[in-house]
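*Asks:* Model the full structure from these sequences, guided by the hints.
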Amino acid sequence: MAYSLGIRGRVIGLAVVPVAIVGVLLLFQLIAGKIQDLDQSLRTRAVSIARQLAPAVEYGVASGNIDVLQNLLEKAAIEPDIRGAAVFADNGEWLAQVGMGAWRNPLRDGMPVDRIHEVEFADRLVYYAPITRTEVVVDDFQAVESGSAVPDRRTRLLGWVGLDVSRDATIRSQRKAILRSLGILFAGLALSLYLAWRIGRQITRPILALTHTVSRIGEGHLDARVAQTGRAELGMLQRGINHMAAHLQTAQDQMQAKIDQATARLVYQASHDALTGLINRREFEQRLERLLQSAIQHDRSHALCYMDLDQFKVINDSCGHAAGDELLRQLALLLKSNLRERDTLARLGGDEFALLLENCGLDDAVQVADLFRAEVQRFRFKWGDRIFAVGMSVGMVAITRDSGTAANLLSAADAACYVAKDRGRNQIHVYESRDLDLVRHRGEMQWVARIQRAIEEHRLRLSWQAIRRTDGSVERTRHVELLLRMVDEDGSEILPMAFIPAAERYYVMPALDQWVIEETLRLCQRCAALPGGTGHLFGLNLSGASLKDPAFRDMLLARLEANPALGPNLCFEITETAAIGNLSVVNAFIEALRGFGCSFALDDFGSGLSSFNYLKNLRVDYLKIDGAFVRDIVVNPVDRAMVEAVHRIGHLLGLKTVAEYVEDDRTLALLRQIGVDYVQGNGVHAPQSLDGLCEAETPV
Amino acid sequence: MRVFRALLACAPFAVSMTSASAARVAVVLSNDSAPYQEVYQVIRAVLDDSGHDVVREYAAALPARSPGDAKLAVAVGVGAADAVAAQPGRTPVLAVLVPRAWYQKTGQARLADNGRRAVSAIYLDQPFERQALLIRLAFPEARRVGVLLSAGQRGLIDDIEAGLRTQKLALSYELVSEDRRLALPLENVLTEADVLLAVPDPQVLNASTAQSLLLTSYRYRDPVVGYSRSLTRAGALLSLHSSPAQIGRQAAAWVSNALNAPAVRLPAPAYPAYFSVSVNEQVARSLGFVVPPEGELEKRMGGER
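Protein chains in written order, with this note's numbering: chain A, 1 to 700; chain B, 1001 to 1305.
Treat the hints with care, since some could be wrong.
[Unchecked claim] With the Cβ distance kept under 10 Å, some of the chain B side facing chain A (calculated, not the full set): (1) Leu-1156; (2) Ile-1157; (3) Leu-1184; (4) Ser-1208; (5) Gln-1211.
[What the hints assert, rightly or not] Derived coverage of chain A by chain B (criterion: at least 3 residues anywhere in the stretch with Cβ under 8 Å from a Cβ of chain B; other residues may be distant): (6) 53 to 64; (7) 128 to 136.
Simulated from the structure, these hints should not be mistaken for laboratory data.
All values reported here derive from a predicted model rather than from experimental measurement.
By construction, the Cβ of each residue, glycine as well, lies at the ideal position given by its N, Cα and C atoms.
*Replies:* What follows is the structure in structure tokens.
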């Protein structure tokens, strides 16, 4: 009720307070006036009685006639409010008395003889009026009197009349007047209060209705309306509030619609990938969980495919993200068009896609996945004037009641996909729990620790393989490639393909490369220290990760600055994929190293992007043709043509060409026929340990 | 008219005194109040006719202008008489409107200046015999007359008693000493007497005491016989008195006679020859008396208007 006190209380206060103030002031004024009037009138009356009584008793006093006095006093005492009256002689002696009264001796108390004296008490007034002789002319001629003494005032005084007047009646009527006035005041106040309350209610009732409606609207009942009762300000207020509520309702409806739309969009966005419109990882995992549950509860069989695009990174890096995105969009469209109704295709992130095949046995699943893979392989991605072929590696796992958790399934599919990639890409690999490749993959994480340990325990070794001129002539400087080997804890030797992928994936390549460089520098110094030793050109591999690492580059430059003489002995072998994406940085680095006399070789050319464009931009000295082409050059004319083309272009660019994987003499002969400058391979020189490298004089 | 007749009465006397020439008469007034002026007017009216020169003087201005060259001086009122007495000179003086008691006690001696000045007076008082007669005429039933006197006036008692005796009236009197209250002696007198005779005695009856005296008498239902018209108005049933005109007429006659004689000789002091009676009819009615009309009383008393 606090709100109703607000306005009603104020209206009541407004009406009553002025009335109360005016009333109290008037009452005070009236009572004061009335009391004064009453008192004044009592005094006037008393003085008048005393004034009349004084001459009346003159005779009685003069004649000493007590009866006359008594008679007069009794008559005077009949008057209202007179308590008593008394007469005193001029010597102050008491002559007569009527009624009550405690009298004083007027002579002794020095009462005035020429006027009426008033003595005031709380409950009564006492008056002493002097009695003087009335003068009567008795002589016709003043002569008679001239001889006599003129009577003075004192002799004219006969005595005093005392009059005792009660103030009780005055006080009583004062009290009555006060009570009556208070009664009127309170009655008036009560009436004002009632009227104010009525008026206040008239004002507050619509306002209360308004506040009720407003608070209902505030609580969200937008359909609440206030009844239209008034026409004046209140009416306007009521109309305004109804208007406002209607507007609010409309606005809220529109807002709700927008919110619903936005929510739907958010729900869609939360479950879908913005780029491709496929469902995203989160939604996919939920569906996977559902399928897994259905497999467990209803003993159904489903399949999960994990698909990773081959070469996506190359396209993304060389043509930019826009190209990568466009590729993903087009591929998503392609894959979606081949989807069965109940299958789910999702983009898990990057170039990873996943496929859920419901109620589908593994064999069927492999067929479906292969269809996908073939579609992707057929697909050509056009970007500007360039056309790219794309491959897809697929890892597949069956979803059965024994599949464990969804995370297990994803991990297994991912691992299977990796195996597929590892086996040469563009393949499908079905997960089997006893998969050797998976065992290896699972061991990758252990590899990181093993590599770190091997570095710390100095179990890394370098071996070397000679690179010789195809025509068999001998150069002054011996050209070899240094190859990294790891000695396992049991003493067996581990080839780099066993641990390099793990090192690349888990970013330990810079550490390995650093070890290789330091070891090579040491080897250079050792060879250079030998008197009369032949010059060497040591080829060593630099990974892309190391090239991109500023700390590694700084380290290498610092080492060369410390030993500038060793620069001409070094030939860094880099792959085109390592250079792509950092071309300017890599080129600057290459230039810096060339300043020390270092040379460069482009490794594994033809297996990756094989963009001749890079050959123009990368300032290298040697072009090493990928062994995959060289290996079958004798039986495969395409490979031979490929080698010839690469060789020709390399020569046109002024580069010396090197053929790897030369396993036999027929290949060597063919290469010689083609005109390739250098050969390398087990058929030329099998790798051997560094021991005695510097001392070895003659090629095998 | 009466004055005229009086002059006629004196005419043979005046004729015989042919040798008398016009003389100067000074009339000294105590003040300029109406009664004194009336006395002067009457004297002058009479004496002008006989060729005498009448000069009006006031007592207050007298020391500056001596009436020495006047042949006769008339002192009107006690104040005038005192003033004249204070003046040296041999001019005979006639004092009028003076109380008998005063004249006999002090006035005559002072005026006479050890016999060097001839003096006489016409009293203000009425003779007691005349008053007794009035009482007898007005209140035939009355037996005893009460009188209140101050101690100083004790000497009048015999005169009063003698006057009353002429009408077989007894006297009850009380002497009021100066410090005693009037009430008790008055009541004593009123208890005994049938009529209260007021005597001009300022010690007893004055402006202050008059009302209570009159009221007390009224309470005793005793009529008061006063000595002035004022007293009648104040509440005395009736009064016997002489008016200023009456006194003036008598004085004028005396002066005229004296001037016409070879040597100025004044008669012996005397009561007023002419008098009036005034009756308060209201008092008479209140007290239940039936009193003859004023004129009848005056006539029966032998008074001449």
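*Asks:* Each hint should be assessed against the structure and marked as holding or not.
*Replies:* Hints, one by one, checked against the model:
1. Leu-1156: violated (15 Å)
2. Ile-1157: Constraint on Ile-1157(B) not satisfied, violated at 20 Å.
3. Leu-1184: Nearest chain A Cβ about 7 Å off; hint holds.
4. Ser-1208: holds (4 Å)
5. Gln-1211: holds (5 Å)
6. 53 to 64: holds (count 5)
7. 128 to 136: Per the Cβ count (4), the hint holds.
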